Structure formats: structure tokens, C-alpha cells
Amino acid sequence: MANGFLRNIDENRYAKERLAPEALIRCGYWELWLAALEMNLVENGVLELAAIRERERRADPGATAPAVAPDGLHDAIGGLIAHGVDMASQLSEPHRFGAGERVRTRVSNNRRHTRLPSYAMGREAVVVSRLPAFPLPDAVAHDPGGQREWTYRIRFEAEELWGQDKGGSDAVMLDVFESYLIATTPAVAGSVEEAP
Amino acid sequence: MTDIRSDASTASGNYPAAPEQLLARAQAIEALLKERGALGDDTVARIVAAYESDIGPLHGARVVARAWVDPAFRQRLLTDATAACGELGIGGLMGEHLVALADEDDAHHVIVCTLCSCYPWAVLGIPPGWYKSPEYRARVVAEPRAVLAEFGLTLPASTEVRVMDTSADVRYFVLPRRPADTEDLDEAALAALVTRDCLIGVALPKSPR
Amino acid sequence: MSTDKLLDMPEPSAPPRRNGELAFDEPWQSLVFGITLGLCDRGDIRFEDFQRRLVEEIAAWENGPRDSEWSYWTHWLAALERELEARDMLGRHEIEAKAAGILDDYAHAESHGTHEH
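Protein chains in written order, with our numbering: chain A, 1 to 196; chain B, 1001 to 1209; chain C, 2001 to 2117.
Please note that the accuracy of each hint is not assured.
Claimed, not checked - In silico EDC-like links for lysine to aspartate or glutamate, alpha-carbon gap of 16 Å or less:
| no. | chain 1 | residue 1 | chain 2 | residue 2 |
| --- | --- | --- | --- | --- |
| 1 | B | Lys1206 | B | Glu1183 |
| 2 | A | Lys166 | B | Glu1160 |
| 3 | B | Lys1206 | B | Asp1181 |
| 4 | B | Lys1132 | C | Asp2049 |
| 5 | A | Lys166 | B | Asp1181 |
| 6 | B | Lys1206 | B | Glu1187 |
| 7 | B | Lys1132 | C | Glu2110 |
In short, the hints are calculated from the structure, not lab data.
Computed from a predicted model, the values in this text were never measured in an experiment.
Chain A with its partners taken away, still in its complex shape (with noise of 0.2 Å):
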């Protein structure tokens, strides 16, 4: 998907985090903003910095001049918080992975941007689920050619991240992008039902 706001959250994304400790805000809880200048029908531009200053120089510091909202700005927000924005799409080619199938996470080195938490790098899991294909993070950083994978819901059981100490029988889930999994035995055709 051509979006160009997109394409700035994760090149600024990506910049930050070369120099800011990993992994902050970096999720959809800001696709409310992107969201929000993308389906923007209200056209106005920056306010003149010279009108403000003109203005600031003639106010009164404690008069409160009633101001009138840009006409559609509430159409606008109503919009954009009715519709929302859809990221997800199809592929040509098919999920690599089905559920029930053993992967192994990749390890990944932080200088790039990406989704995988450290603390489920490398680690043995199964997938659970298959999930729509999204724009990859770590490809729209640095190219905002925007290249889409498959995206898959897997499950590592708690032991497996935490040590045979803690986590008994509890599990964590993750959503996972196709390129952060390795597989870990053939793929089995067809003998796997898909979990809801």
C-alpha cells in the first residue's frame, strides 16, 4: 500500500532507534495519527509563523478570543474513528507456514528496525495461527517501496523462554512476520487443522 505517512512513522522509526535504546513506541497505538493526517478532509495549511507573531504582539494576555474550528475538522475525526485505515492485504504467494508447524525465531541484530521482542529471538515455538499479510517494519525503514509479508500468530511455551524453573505450563503468544521464522522440520501437507 502506497502511504506515504507510513512510510515517515518508520523511517523516523528507524532512525530514532539507532540512537535510542530499543523498541518504545513503535506500534499501532500511533496509527491513530497516521490515520488521522491521511484522511484529513479539511485542507489547511501551517499557520503563518509571522501571523502568530503579529497576533501575540496585539493580544491581550488574558482575553480568550473564540476561535472557530476549520470547517469538516469534526467530520473528519468522526470519519477517521468510524473507518479506521485497513493495513492488511493478500499475496501472491502462499504462507510458507501452517499451523501446527515447529519454527524456530530468528536472532536479529539490533541495528534494525524490527517487531521480534529480544526476549523471543531465537527460541523454538509453534504456530497457531495464519494471519493477513501487513507491511513489514523492517523493510518500509529503510525502503518505502513498502514490501508486505505474511504475518502468523505462534506459541512458545513458557519454559522454553524463562527456563525450566519458571513458567510451568504457562505460554506467551506472539505475532510474528514470515521472514522472522526459521523452519525447524519439513513442512507436513495437509494433516493440520487451522485453529480459529
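Got chain A; can you put chains B and C on it based on the hints?
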């Protein structure tokens, strides 16, 4: 007011902690921006009202209550939560790809975003502060039972705790189990038992009185 | 003087139908949220610029001595102010002056609020 550095270094360590001082500061910003035409008189109020009252946990509660009373809806919800929520007029921003994780007799789900604070806005409104905290994000994936216990929820060892780390574009919420002794409650009464905390998975639905 | 009169906003009280805790703990939090979203929607500030500053604020807290309590919305407020200043839209001195005036109004109203007029 405390001094705030205006250089590139961060400033939030220099802010006062008292809510009334922070409120005055926020009001000052809003007033000045209104004077300069950058905000309308009710721009801010309408935005907040939309997220606080029109998009709230009540949406998620309605979905759960419907699933409890209507097995066919429950099946549709588990197959395609986005479409099922859409049947109830729920969706839109942050709800474009929803999945409901159904608790079972022996399985309990809890949701987190360790990378940041991904959250199903369309179903649950604005995430609570603790959900976005570094403590919750780091601890619930590593020691979920301890975190749940701090929320007052202790599960038997025979129940598997599944932590869902929302790391891509799908947004999750929990479909809790219907509480006992609720056979005579209608859908609206059932929805009233469903809190935001139980849709995240740190609590169970309330018991009927 | 109650804050909801000043703001003329729906007070974040907790009627039974809200089904759980509040989205915002304090009115100032919802206010800074709404201001930020309003400005981004207008295009006066860019969300990615605001986001970058918020990431810096949070990173600084997470990497620092953590001697102040975690306050997500304080980081948000700091990021908003830094962005407004960077864009020459508002400076900290005028914000502080205006805020001081508002606090003076509170104090004045409270001290005179019980008098007969």
C-alpha cells in the same frame, strides 16, 4: 512553575507532579492555541468525548454478552472478530483486525504489548495507564501469574495462562467465560458484568448479585 | 472553582455504565491528549515529530535513575511542549505565565468563594 529545559534533552523530569498544576499547564496550552486559531472552542472536548464515551469498554462488553447468549455469534466472533464486531456496529480505528481469544475451562488469556502499547481501541477505548507502563509490559510476559495475583486474580495450576504479546497489526481482546448463575440474566445485564480489565485478561467478569 | 466548570468538558466521573476504571486518571491527561490530536488533525504539528519526542522522553526516563514516578502522560505533555516550541507555536515562558495566571484565578476564587456578595 518549575523550569523546563528547552534544548534537545528531555524535559519531563522537570514537570510538577501535582495534578492541579499540570491541569493549569494543559489549560494554558489549550487557551493559547485557541487564541491563535490552532484549535476550535470545542475541538478538544469533542475528541475526548468520542474516545471516552462513544468508544469505550462498553463496546467490548456488548460483544462478549452477545457471544455468551448466542452460540452462532460466538462462532462467528472466533472465526472473524472484525466482521462479528462489525455486526454490532463496532470497529473502525484500531479495530481493523481484531481477534477474540476465548478463555476455556483450563486456559486463561492475558494481553500485553511488550514493544509499546498496542491496544484494541475500537473495542476498549483508550488503554489504561498501567497497561502502557514498562512494569506491566516487561513483567506480564515473564511472570504472568504474579502480575495477575497483584490484580487480585489467582488461577489454579491446572489452568494454563497464555500471554498474548500484540506485536504486529492484529489487535486482541479476551472472550472471558460466562460466570456461573447467570442463566436468568439478559444480554444487557450480562454486559454489565464485563469490565475492561477482564477484556484485557487481568480480571474475571463480575459475579451477578 | 471546580475544574469541570473551567474546562467545560465532560467530567471523567465513573457512572456505572463505564464498566471499569477510567481511561484517564486526571482531566489534564485527556486534555493534552485532545490538544495533540486536534493539532495533528489540523496539520499544525506532525504526528511523527511528536512521536519522536515522546519516544525520547520515555527513553530518557527508562534509561535514567528512575527517581521520578512513571507518568506516561507527563512524557506526553513534555513531548507536546517541545514540539510546540520547536515549531515556534508556543514557548515555555508564555505557557508558564498563562498557567500561573490560571492558578492565581483558582486561588482567588477559592479564597473568595464563600463570601456573600
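- Item | Violations among the numbered hints | Failing hints, ascending: 4, 5 and 7.
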